[in-house]
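Peer 1: Listed here are the chains, written in short residue letters.
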Amino acid sequence: MNKLDRYIITKLLFLFFAILAFNSVKAQEQIHLFPDKSFAVSGDTIWFQIFIYGEPQGEISQVIHVQLDGLENKHILKVSVLCQGAFGEGYISVPDSLASGVYKLSAFSLQQNNSSSAVVNQKFIHVYNRFNSELNSVQSPADISKNVYKQDNTIEIKTDRENYKRGENVQVSFTVPQTEIGKYKKVWVTVGISDPISEQYLTSSLPVQIVPNTESTVSLVEKDGILFSGHLTDRKSGEPVPGAIVLFSIPDSVPFFDYCVTDDKGLFNFYLRNAVGTADLILQAVTKNQQDCLIELNNYFLETKDILTTEKLLAFNESRFVDEIVKASYFEKLFTGYNIVAPDYFFMPRQFDYPFYGEPTRTFDPNLFFDLPDFQEISREILVGVQYRDRKDGITIRMLNNGNETIFDKEPLKLLDGIPVFNNEKLKPLNTEDILKVDVVFFERFFGDLTFPGVLSVYTKNRSIDWVDSDPQIAHFEFNCLQPALNSEFKNERVPNTHIPNLNKVLFRRSYDVVDTNNTFSFYTSDLTGNVNIRFIIVDENNQILFCQKLISVE
Amino acid sequence: MKQIYKIILLVNLVLAVFAVNAQEFYRSVKPVTTEGNSLNYKLSGRQYYFTSVLRGSVNFNDLWSVGSVILENDDRYDSVSLMLNIFTEDLIWFNNRTGSLIVLDKYAIKEFILDTENSEKMLFRKIYNDKILKGEHYFNVFYEGEIKLLGWHRVTEVSTSLYRDFYGYLRDKEYVRQVNYFIMFPNNDIVKINGSKKSFVNLFPEQKKTVRQIFRKNDIYLVEKNRNEILRATKLIESEFFSK
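Here the protein sequences line up with chains B and H, keeping their order.
The opening residue of the first sequence carries number 1 in our numbering; numbering runs sequentially from there.
The opening residue of the second sequence carries number 1 in our numbering; numbering runs sequentially from there.
Bear in mind the hints are in silico, worked out from the structure with no lab data behind them.
A few of these clues could be false.
No more than 27 Å apart at the CA atoms, straight line, and that leaves these computed lysine-lysine pairs for DSSO-like [what the hints assert, rightly or not]: (1) K288/B - K42/H; (2) K225/H - K198/H; (3) K225/H - K288/B.
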């Protein structure tokens with residue numbers, strides 16, 4: 001082999017591996033995020049739109065996680081949005097205590113989070129703390145490899161005037177050439193007060209390499225739910241506990257139950273399907289030697305590589321804008337709240353007609369009987385087939401086995417509002433006033449590889465889970481599942497005969513699946529003055545992101 | 001010496017207390033492993049206890065079939081050992097990881113597939129009907145198009161001449177297996193057919209002549225009521241009256 005041959009072979013190999021690398025990157029999902037504004041005052045809600053695309057033959061994720069981070073990668077919060085096909089929408093409530101500065105918004109899928117070559121398109125948001133109106137400088141991302149959307153010159157935006165007064169109606173029309181009709185997959189129109197400092201961030205994004213999550217062991221495309229994982233360790237030694245059964249329950253009228261056996265690293269995974277809102281996750285570990293274990297959830301935030309930042313001094317007009325917007329928000333908060341969804345909202349559709357322990361053999365309603373002071377009396381008088389013994393060495397419960405017409409020689413699975421109970425003392429104080437109903441199953445039940453010698457499920461009237469937090473063997477986590485879906489469309493209206501100022505920063509939001517040649521919409525200006533930006537973000541047939549915009553002024 | 005007894009007694013007492021509180025949700029001979037981990041809804045059910053001494057079989061398949069189970073939430077389990085008891089209409093799963101025989105919860109099952117000995121895949125679907133067979137039943141889907149040909153396999157106890165069972169006791173009953181055929185129309189109405197030509201003709205009271213005609217043209221006589229003939233007849237009915 002001569003020198004030339006070797007050179008050619010080396011070049012060919014290089015080309016081959018370059019193509020391979022290119023294809024692996026290409027196969028990744030691409031997720032784009034479009035917030036409705038480039039700035040927010042702490043306590044505001046940022047609405048956003050999502051566009052996902054991947055290889056046509058591959059499955060694309062339907063659950064997209066959107067996270068708010070500081071520039072130094074400090075995680076603030078995360079929401080998970082269920083998308084429909086290639087598009088989705090959601091919202092983030094900016095915490096009231098967030099300090100002024102530039103923050104990052106990242107949209108990603110679980111697939112991306114586990115991938116070593118995934119890239120996330122980060123957006124930036126200026127947050128102004130509503131108790132801090134004096135801002136002279138901000139730490140901003142350095143202007144490197146910024147992905148600026150291509151300007152679209154085909155859509156023509158027209159307004160009836162260029163200058164408006166406060167509370168005035170604005171008529172907007174936009175025309176799309178006949179040749180372009182049908183070429184747009186989606187058009188998002190947003191109208192809002194223009195921030196001279198951060199406006200540029202709305203029409204650009206910064207691709208940043210993801211630091212892959214090495215804790216996850218499951219490869220999954222989240223289609224209709226959220227995967228969460230955690231690890232089990234010995235509380236004293238901190239060593240992982242393999243082969244333990246982690247029981248997972250969500251208390252409800254029809255409780256959710258699942259289990260997972262920990263792997264060599266003490267890891268466990270659960271998938272929460274169609275769960276919306278904030279769930280109370282109850283986790284308990286069953287080990288062979290009654291080991292004292294610590295259950296912890298894994299970090300579910302996205303880690304990205306650091307970006308370069310630079311300090312930007314604010315000009316006079318920029319500082320004045322911040323001052324005005326912060327004062328306006330302060331007044332706005334006096335008149336309106338900022339929680340758009342109740343924090344304890346949770347909904348999970350029932351997958352089956354019966355709980356995981358199947359159709360109960362019998363259901364007892366203690367309220368149909370005279371008042372009984374404790375569970376021993378209840379079991380003695382009402383719960384036929386349940387043997388409750390309170391002896392010196394503890395309380396034992398045994399149940400009938402209708403399968404072979406005997407009595408089980410082991411403790412049944414006991415549930416209190418759907419949460420497995422291992423200490424029978426927990427049931428002892430319950431009286432007829434506390435109990436709503438008792439389900440019993442007089443069969444040996446199986447759930448996956450687990451077996452239960454009968455089931456005793458007690459449902460209380462108030463369904464309080466306070467007792468869970470006092471038990472060190474039970475881990476209780478509040479977990480954000482899918483975000484409750486709300487319609488992002490908005491049109492600022494004038495409220496007649498009111499003295500309450502209208503201080504909306506966003507005046508119009510709408511998404512179009514189909515646009516005609518001539519289209520119109522209108523909105524009212526708010527009591528905030530300055531430039532108002534009418535902005536169109538377009539996803540075309542080639543999955544390219546385009547934008548066009550028009551400025552009007554409110555005096 | 002007495003002190004040793006005391007210590008032993010104390011240790012026994014401690015162990016007894018542990019035994020009371022310790023709860024293992026698995027059979028100690030076969031502890032659970034990560035092999036059973038799944039993000040799907042777990043297969044659930046109760047212990048299978050059925051024993052029979054009568055002549056005949058209560059099962060659709062006497063040997064374990066490797067099949068698939070699809071749950072109501074569309075979660076799917078493949079390569080599971082299944083047996084269908086058509087006397088009690090229970091689908092039994094042999095969980096080889098735990099060595100358990102489990103009657104799978106009917107409410108959780110949408111359909112299942114049994115791989116038969118001759119490599120034929122038999123699809124069974126849970127169908128609710130409140131007119132003919134009240135409640136939910138597992139129907140064998142023989143044909144699925146615009147209309148469906150369903151079979152409901154049953155085993156019934158029938159009287160027979162005296163014989164001695166496995167234990168030497170005299171018995172006068174035996175299990176007899178039969179299959180009832182049903183046609184399911186696009187509007188989900190189910191009509192029983194006994195497999196005769198007349199039962200097909202009666203499905204269309206206003207077009208009896210047409211049905212007879214197409215059967216005659218296609219040499220369908222339904223004399224022996226065999227499944228292939230019934231299947232052909234169903235397909236012809238579909239193409240004549242229900243094809244789009």
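Peer 1: Next step is simple, just say for each hint if it's right about the structure.
Peer 2: Status of the hints after comparison with the structure:
1. For the hint linking K288/B to K42/H, the alpha-carbon distance of about 22 Å falls within 27 Å, and the restraint holds.
2. Pair hint K225/H plus K198/H holds up; C-alpha atoms about 11 Å apart against a cutoff of 27 Å.
3. For the suggested pair K225/H and K288/B, the alpha carbons sit about 59 Å apart, so the restraint of at most 27 Å is broken.
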